[in-house]
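Asks: The primary structure of each chain is shown beneath.
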Amino acid sequence: MQALYGQLLLGLINGAFYALLSLGLAVIFGMLNVVNFAHGAFYMMGAFGAWFLLDRFGIGYWGALVLAPVALALVGMAFERTLLRLLAGLDHLYGMLLTFGFALALQGLFQISFGSAGIPYPVPEALQGGRNLGFMFLPNYRAWVILFSLIVCLLTWFAIERTRLGAYLRAATENPALLKAFGVNVRLMVTLTYGFGVGLAALAGVLAAPISQVRPLMGADFIIVVFAVVVIGGMGSIMGSVVTGFLLGVVEGLTKYFYPEASSTVIFVVMVLVLALRPNGFFGKAAR
Amino acid sequence: MTAGDRSSAFAGIACVAMVLAVAPWTGLVYPFFIMQAMCFAIFASAFNLLAGFGGLLPFGQAMFLGTGGYVCAHVAKMWGLPPEAAILLGVAAAAALGAASGAIAIRRQGIYFSMTTLALAQMVYFFYLQAPFTRGEDGIQSVPRGMLLGLLDLRSDTTLYYVVLAIFVFALLAVHRIVHSPFGAVLRAIRENEPRAMSLGYRPDDHKLIVFILSAALCGLAGAIKAIVSQNATLTDVHWSMSGEVILMALLGGMGTMLGPVLGAFMLVAMQQYLAQFGQWVTVLHGIIFMICVLVFRRGIVGEIAWRLKRAL
Numbered sequence: 001m002q003a004l005y006g007q008l009l010l011g012l013i014n015g016a017f018y019a020l021l022s023l024g025l026a027v028i029f030g031m032l033n034v035v036n037f038a039h040g041a042f043y044m045m046g047a048f049g050a051w052f053l054l055d056r057f058g059i060g061y062w063g064a065l066v067l068a069p070v071a072l073a074l075v076g077m078a079f080e081r082t083l084l085r086l087l088a089g090l091d092h093l094y095g096m097l098l099t100f101g102f103a104l105a106l107q108g109l110f111q112i113s114f115g116s117a118g119i120p121y122p123v124p125e126a127l128q129g130g131r132n133l134g135f136m137f138l139p140n141y142r143a144w145v146i147l148f149s150l151i152v153c154l155l156t157w158f159a160i161e162r163t164r165l166g167a168y169l170r171a172a173t174e175n176p177a178l179l180k181a182f183g184v185n186v187r188l189m190v191t192l193t194y195g196f197g198v199g200l201a202a203l204a205g206v207l208a209a210p211i212s213q214v215r216p217l218m219g220a221d222f223i224i225v226v227f228a229v230v231v232i233g234g235m236g237s238i239m240g241s242v243v244t245g246f247l248l249g250v251v252e253g254l255t256k257y258f259y260p261e262a263s264s265t266v267i268f269v270v271m272v273l274v275l276a277l278r279p280n281g282f283f284g285k286a287a288r
Numbered sequence: 001m002t003a004g005d006r007s008s009a010f011a012g013i014a015c016v017a018m019v020l021a022v023a024p025w026t027g028l029v030y031p032f033f034i035m036q037a038m039c040f041a042i043f044a045s046a047f048n049l050l051a052g053f054g055g056l057l058p059f060g061q062a063m064f065l066g067t068g069g070y071v072c073a074h075v076a077k078m079w080g081l082p083p084e085a086a087i088l089l090g091v092a093a094a095a096a097l098g099a100a101s102g103a104i105a106i107r108r109q110g111i112y113f114s115m116t117t118l119a120l121a122q123m124v125y126f127f128y129l130q131a132p133f134t135r136g137e138d139g140i141q142s143v144p145r146g147m148l149l150g151l152l153d154l155r156s157d158t159t160l161y162y163v164v165l166a167i168f169v170f171a172l173l174a175v176h177r178i179v180h181s182p183f184g185a186v187l188r189a190i191r192e193n194e195p196r197a198m199s200l201g202y203r204p205d206d207h208k209l210i211v212f213i214l215s216a217a218l219c220g221l222a223g224a225i226k227a228i229v230s231q232n233a234t235l236t237d238v239h240w241s242m243s244g245e246v247i248l249m250a251l252l253g254g255m256g257t258m259l260g261p262v263l264g265a266f267m268l269v270a271m272q273q274y275l276a277q278f279g280q281w282v283t284v285l286h287g288i289i290f291m292i293c294v295l296v297f298r299r300g301i302v303g304e305i306a307w308r309l310k311r312a313l
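Residue numbers (this note's numbering), protein chains in the order written: chain C, 1 to 288; chain V, 1 to 313.
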């Protein structure tokens, strides 16, 4: 039983990362119609950012949790402004290929600079240790990751679905030309949206730093699973990607306990089943 | 597309074949390198059949390359079958996987199609990583080359070279034939305007599935020959980075052209060969070329030339 709860917890944590990353992908896709292949690279750079801040400037976890996502959001916005923007109006596949090339170059550069081995990052002092829940031992940091990412996801949902800015955002997704006619600066919104999505990926990276080692390729394989999550959930809905993310993390955790051989493929199997039964995904709108 | 266009692409294939036929005698290039490049050229042309002519950009073609390679290597080594049987079984396995994965992937369009193929390929990657017959990280080593049809001894490098060249030319002609057949014309119609093609009585999904399977089979052919040439089959060929690399080959050479993917494949294999000592810088370079192609050079090298000459190459 202990092992089952342990795997469930791990599943929830993976689910938290799936949710944060697929949420960022969904937000970017909604606004730019671009599948951000560089998402995994930004996730990786978030973790490296946390390590870098600690190593060079002595800035700890809590500082990194704010600084790294903001810094990388700026990098992302610069990328969007200078390069990604040039592809506006072309087939959406070009945007995906551009971000793929960007991710390749970034991951290569990090491998050259830091090697492929992992760098450890300490768990912040306030979150060390854990508590005994009676049926299992819960490390504080893991509880924090689940709780914090849940809050971030809900806040994002609230900002997009329930605020004025979010209404603009949804309007720009539906009909950018009309929104421009109302005098809203849609170009700026596109840039900010990309920055926000990238920031979410970087935030997930900082959260992951103390759990998994900081590695140049930590995002490369992970992002493919997130793509499967996105295909399953459909990118049409914010809540959809959050729920699917957590749910699939749990499914993966359960598989690790009951049939460990299939744990690395179970999400892809779910994707195949969903595509066979509901081609647009659980929460997806009709294909564009 | 006119009859003249068709013959200029055909003449291009003939030229490439003639250059490659004499290349090993010049002593300028290493025959093994050209054979490797020809395998990747088949792979890139198969990708191009689906992406350039079919309008469906797959991000998981490595699963077919790897399947062709693994099945061919296993059959040749463990079952001791002759190379022609090993290659055919490799192609058949890739085509079967293509039928299964294609039926799922073509249910979605555009970027969803790309992501679905990527996810399916990753699933196949994990399968090969865990399946005992592939020997995991080690791969299948020292695959025997054997006697082709009991007549041609592939252990001779010269014989192998011309057999690979013949298969390479066959594959290019097959792609050319498919693209310029009535089936290819319907495929273009579907790519340009799917509802219109449907209203004319064509079934888009059937056509997409068939071209998906054809592309998968040709990718499998590339993988099977690659296994015979390099005498091994490893996880590298199934990894997602291989699926990305083939996109780069087609993109750099020119997607939707007959000769572009061939040129792109040769350039990328040459790059890997001559820049090997720079290690990860090659990956960085790939990324940068990718970005440059997408941003300013979307027609690719051959596509650009064809556009200037106003001919299809």
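By construction, these hints were calculated from the structure, which means they are not laboratory data. Glycine included, C-beta positions come from ideal geometry on N, C-alpha and C. One should not assume that every hint holds.
Counterexamples of contact, computed for chain C against chain V with all Cβ distances above 10 Å [unchecked claim]:
(1) L4
(2) R81
(3) Y94
(4) S237
(5) F282
Residues from chain C that keep clear of chain V, each with C-beta distances beyond 10 Å, as calculated [stated by the list, open to error]:
(6) V75
(7) I119
(8) M239
(9) E261
(10) M271
The following label-pair restraints were derived from C-beta to C-beta distances [stated by the list, open to error]:
(11) V:A14 to C:D91: 25 to 35 Å
(12) V:E304 to C:G118: 23 to 33 Å
(13) C:Q213 to V:G27: 47 to 57 Å
Asks: For each hint, tell me whether it holds in the structure or not.
Replies: Results of checking the hints against the structure:
1. At roughly 23 Å, the least C-beta separation between L4 (chain C) and chain V is larger than 10 Å, which holds for a residue marked as non-interface.
2. Every CB of chain V is more than 10 Å from the CB of R81 (chain C) (nearest about 14 Å), matching its label as outside the interface.
3. At the 10 Å boundary, the C-beta of Y94 (chain C) falls inside the reach of chain V, the nearest C-beta of that chain being 5 Å off.
4. Residue placement check: S237 (chain C) keeps its beta carbon more than 10 Å from all beta carbons of chain V (closest about 15 Å).
5. At the 10 Å boundary, the C-beta of F282 (chain C) stays outside the reach of chain V, the nearest C-beta of that chain being 14 Å off.
6. Every beta carbon of chain V lies more than 10 Å from that of V75 (chain C), the smallest distance being close to 15 Å; the non-interface claim holds.
7. Its beta-carbon lying about 17 Å from the closest one in chain V, I119 (chain C) satisfies the requirement of being farther than 10 Å from that chain.
8. Under the 10 Å C-beta cut-off, the non-interface status given to M239 (chain C) relative to chain V holds; the minimum distance is some 19 Å.
9. With a cut of 10 Å on Cβ distances, E261 (chain C) falls inside the contact zone with chain V, its closest approach being about 7 Å.
10. For M271 (chain C), the condition that its CB be more than 10 Å from all CB atoms of chain V is violated, with the nearest at approximately 5 Å.
11. At roughly 33 Å, the beta carbons of A14 (chain V) and D91 (chain C) sit within the given window of 25 to 35 Å.
12. Here the CB-CB span from E304 (chain V) to G118 (chain C) is close to 43 Å, at odds with the stated 23 to 33 Å.
13. Against the hinted window of 47 to 57 Å, the Cβ-Cβ separation of Q213 (chain C) and G27 (chain V) comes to about 49 Å, which satisfies the hint.
Of the numbered hints stated above, those contradicted by the structure are hints 3, 9, 10, 12, listed in ascending order.
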